[in-house]
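Dock the two chains into a complex; use the hints.
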Amino acid sequence: MAKRAVFYLALIVFMLAAPFVFPVFKTQLATVWLMIIVALTWDMTGGQMGYNSLGNITFYGTGMYVAAVVTIALVYDVGEYTGSSGGGIYEFTDGQYFAGMFLGMLVAGLFCSLIAIVIGYITFGLRGPYFAIGTLGVAIAAGELVSNWEWVGGGQGIALPVYPGDLEDGKVLFYFLFAGTGVVLFLFLKWLYTTRFGAAINAIRDDEEKAEAMGIHTLQYKLATWAMAAFFVGIAGAISAFQLIHFEPLESAYQTINLGIFMVVCALLGGKGTLWGPVVGAILFHVFKEVTWNYLLGWQWVALGALIVATVVYFEGGVVGWLMERKPHWFNLPAKADEATGEDQP
Amino acid sequence: MEQFASNFGLLLQFPVVNLKIVIDGVMIGALFALSAYGLALVWGVMNVKNLAQGDFVIAGGYVCWWLSQKGLPALLGVPIAFLVMAGIGWVVYKVVICRVIDRDLFTTLLATFGLAIIMAQMLNLMFGSDTQSVDLGYETLYFMDGFIDVPIAKLLGVLMAAALAIGVVLFMKYSRMGQAIRATAQDVRAARVLGINTDKVYAFTFSLNAAICGAAGAIIVMVWVIQPFYGITHSVRAFVIVTAAGLGNLPGVIAAGLGIGALEQYGAHIFGIGYQQAIAVLLLLLVLVFRLLQQRRVRQSLQ
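Protein chains in written order, with the working numbering: chain A, 1 to 346; chain B, 1 to 303.
It is worth saying that the hints were derived from the structure and are not from the lab. Just so you know, even glycine gets a beta-carbon here, dropped at the ideal spot from N, CA and C. Mixed in with the good hints, there may be bad ones.
What the hints assert, rightly or not - Derived Cβ-Cβ restraints for the label pairs, each shown as a range:
(1) B:D104 <-> A:F22: 54 to 62 angstroms
(2) B:S133 <-> A:D94: 49 to 57 angstroms
(3) B:V16 <-> A:G298: 31 to 39 angstroms
(4) B:L19 <-> A:N148: 25 to 33 angstroms
Said to hold, decoys possible - Residues of chain A clear of chain B, computed beta-carbon distances all greater than 12 angstroms:
(5) A5
(6) L9
(7) L11
(8) F22
(9) L74
(10) G95
(11) Q96
(12) L110
(13) N148
(14) I245
(15) K272
(16) A306
(17) T311
(18) Y314
Chain B on its own, in the form it takes in the complex (with noise of 0.2 angstroms):
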């Protein structure tokens, strides 16, 4: 308790501290934008609330990783992760997300659990269970004597990470696919009454989906570390994130993203690094229980 307490303390006696977590917490919380932007998608689009999504981003991950090993420049690794991914993403759809689509939630969920056991385990097992991460071998930059180190790495990663949101978000915007998948989201059936082969969509949009998940592994594993077993984390703060921000609102995932990087940074700083996960937990919980007050509210004045 005394040692929170005396934690808690060096932040306000240190402001600058302060600066260090946030902008270590707004550039990993980038990365975790992402991966929740992708669920945002298959959650808005299909309905499917994807438990697999951390295990996508993992894989990616190991994509880059391997690639590395082989002497590949890892920066390459982020294109080659994102195509790789899209081929297993659209392989899961006709396998096991096309039969399940019109199902309970419930049973998506399930469906999607039994996968993500399936990745991590099979990520185990193709590359044992230690951490890894690439090197890139870029300076760090310091400011204010120091105290603020910003690694290139992470820079770099940041802006990968943004380039890969705009160039998604023109492309739902201008291309006749992202109009298309659009088109799905707001209506299945007016969009088959037009000609849009939904079945398409969806395996389309799914691909994205693990796309989307496998680049930011790759930023991961250059700026952070992975682990066969850490998808269901990333899982559960894509959920935190899209559970805040709601469906198809990307200002507010990005701003959720941001949010959540910073609030475990604090957390982590605190409480100690032990606690990492539980936080990103209980911060799930708090949004539930936030949203259901507000429902709650909602509710009270329909009657």
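Extracted from the complex, chain A is given alone in its bound form (with noise of 0.2 angstroms):
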């Protein structure tokens, strides 16, 4: 027990001093808790729930929209400020950017839920395969439809305020935002996994039929898991529009080929199903990602394509399963906290 506080104080010191230890690396540090958000919400439906999901990027390139078009629509006109492309002169006080920041973060996280909802009412009757190809075309689509609509600057994409005051102080910010939703995401989810909740999706996972049989709503229980995963998501995705100032739609915000499939790969890479693995996952694929993207320029894309067919390939249970099966008693402080959950392994 005294093991474990140790080790969760750690973890919370590392966490809160990281930005000032590494102060060139702010950004990269947010980074890296936007990947544990998005891989966390993934395992939710993907690993916990048995429905792997190619398109909940749809809530992080739309939280980022509402988040944006929410903080516009305070002041200004929408259409007006898109169409001018930057040619007019849009300023925000201090008061309109962080009421925008806020509630934008907020509506983001509930519109999102409503759009699972929708679209999970359609697509949770896809099985298997089907509703992984189904979800991505979701993906593809709304991206497409995005890049379109003029209303939000088309393929031109939006641009927001820049962070008011110091811009070093905003990365701050900007990372304690990512970390703090990352903190509240990761408890929540250690709380729910060990409530009738977890167990009831759980058992969708393990066969849907009987679950069905043994008087589970399942199509509310998966409504409902869909829907919490994009909330955070769309928070997430409404801090990184601010994060970036500028942002487009196929290439940041809907970015179908780039963070959609990295979230599947960090909560396979540490390990599907487990509490852990998402969290483990996220932080080694992203130290892969900028290690390639800076000794093998040019060949990044081989690299990433090969670590994902080598994890799906080779290495199925992740690092957490891996390490569970191979360690228990060296690997006790962490897997006792997934033990802890009461889940099993796939």
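Below you can see the structure in the form of structure tokens.
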């Protein structure tokens, strides 16, 4: 027990001190938290419920756009703002900026939950790979439609106001927004997987027909889980929108083959269906990605594709799954946290 | 919005435009049907849903394009692309596919998606990201006072696609290997008991699929354009066609392929070329939802 407390305390101290100890890597560290958030939310449906979505990126992109539209709409006319494409001068006071940011995060989360319920109502009838392909289709279609929608800037995207004040302070703020969201999400999931709800979605993963026969309203559970995942992804998208300042639909918002696949790879690399797996996977993946991006320029995508293939083909259980199997005693600390959630390995 | 309406009005005003769109769509749809048939083959026989399908097509196209740059006649590129892609397909099977074949379907989906990323990027590194095409230098035929133009190259492409499809069907029906493939698709265990080396059959099926895609790509580069990152759209189209037609239903695959080609041309005419990919994906979603409703009806009748 004491060991576990020390472990968590060390993590919290590291989390709080990281942006000040490594000031050059503030944005990188924030991105690690973003990866952790999207990997954990992907694992809610993919690992715990057995519905492998390839379309969670829809909520990320939608979160970005909703936050941007909310922030702009508080002060100006959105169509006019995007129509000027940088030509007009639009000022935001500090109050307007922060009001827009926090309201935008909240609205983005709620709106994405709503979208998840609507899309889920159609796609959750699809099973197995059809669900994956169907949600991938939703994500691609959403990106294409938004990039043809002039009211939100079309293919040009939207430019948001820059953080008022020192930009380095802004980076620290974005780090803590991502980190805070990530910690809340982690604690929420840690609790959720111990409840009846967690048991129910695991039952859906293991055998959906039997779960239904046991009296679980599977569709409601599936929709609720996806809506919760979408809520957090939407918030992460909203924070990203302010962090990036300018974003466009296909490459940064609905980036289907970048972040949309990365989140799946993170969860698989760490070990899907475990609480710690996506966290470990996200950190490892981000390090791998940055190293290849720096030292293998031009070949980085080949390396990334090879990592995906190698992970799914040769390394099915992921890091956490492999460690649990090989060294349960050595891995006692975090493994215990997983056992406490009362779930079994797939 | 008004632009969409006026584009739509044009169709009603000049019925001959419809005919042109349908002919264009059918000619390009014949090539979609070819790669979709390959997908139906691996899906039906090995239960592998290959997301790298479109990238095999594009790779075949680049083989043909590269040969024509070297001065060889482009038409020779079709059989060479067929052979080269058969080799690549065999390697891909031995390295990756044979290890995921027994695993759950999402694993194969992700593994082939990783392959798709690798292949697209390799092509990009080798040939650059410009769009490429091969000009055969044939004339264009005109009908109906010049309203309808049919390039001879496209006509030739359709004929080659048809010849290849007929060849594959005959092979599947009469050769020993074709019979073994069909037996494996029906029942793997029984096939093994009867002395069929199913691993060999799988390897052959996968490389045959890659070869068909390669030939289709070599024809596409002559009648259309290719680019390293166009693969995913071709994959999506193949999935739409196979999902709509069902497995082991060759006439269905051909009909769905031609239909998708025509629908995409209509969409591009009414909404503009910017929506082409969105239309392919929305068609997929429509087909999936339609299949879902169909299944629901079956389930109800069972209750």
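Consistency of the hints with the structure:
Between B:D104 and A:F22 the beta carbon distance is about 40 angstroms. The supplied range of 54 to 62 angstroms is therefore violated. Taking the beta carbon of each, B:S133 and A:D94 are about 54 angstroms apart, inside 49 to 57 angstroms as hinted. Between B:V16 and A:G298 the Cβ separation comes to about 49 angstroms, which falls outside the hinted range of 31 to 39 angstroms. Range check, B:L19 to A:N148: about 28 angstroms between beta-carbon atoms, so the 25 to 33 angstroms window is met.
Distance check on A:A5: its Cβ is at least 38 angstroms (rounded) from any Cβ of chain B, clearing the 12 angstroms threshold; non-interface status holds. Here A:L9 stays apart from chain B, with its beta-carbon at least about 37 angstroms from theirs, past the 12 angstroms limit. A:L11, annotated as away from the interface, keeps every beta carbon of chain B farther than 12 angstroms; the closest lies near 30 angstroms. Remark: the non-interface label on A:F22 is consistent with the geometry, its nearest Cβ contact in chain B lying 30 angstroms away (cut-off 12 angstroms).
The Cβ of A:L74 lies farther than 12 angstroms from every Cβ of chain B, with a closest approach of about 28 angstroms, so its non-interface assignment holds. The beta carbon of A:G95 sits about 38 angstroms from the closest Cβ of chain B, which is more than 12 angstroms, so the claim that it is off the interface holds. With a cut of 12 angstroms on Cβ distances, A:Q96 stays outside the contact zone with chain B, its closest approach being about 33 angstroms. Residue placement check: A:L110 keeps its beta carbon more than 12 angstroms from all beta carbons of chain B (closest about 24 angstroms).
Against chain B, the non-interface label of A:N148 is violated: not every CB pair exceeds 12 angstroms, the least being about 6 angstroms. Remark: the non-interface label on A:I245 is consistent with the geometry, its nearest Cβ contact in chain B lying 26 angstroms away (cut-off 12 angstroms). Its beta-carbon lying about 10 angstroms from the closest one in chain B, A:K272 breaks the requirement of being farther than 12 angstroms from that chain. The Cβ of A:A306 does not lie farther than 12 angstroms from every Cβ of chain B; its closest approach is about 6 angstroms, which violates its non-interface assignment.
With a closest Cβ-Cβ approach of about 8 angstroms to chain B, A:T311 is found to fall inside the 12 angstroms limit, against its non-interface label. A:Y314, annotated as away from the interface, has a beta carbon of chain B within 12 angstroms; the closest lies near 8 angstroms.
The earlier numbered hints that this structure contradicts are 1, 3, 13, 15, 16, 17 and 18.
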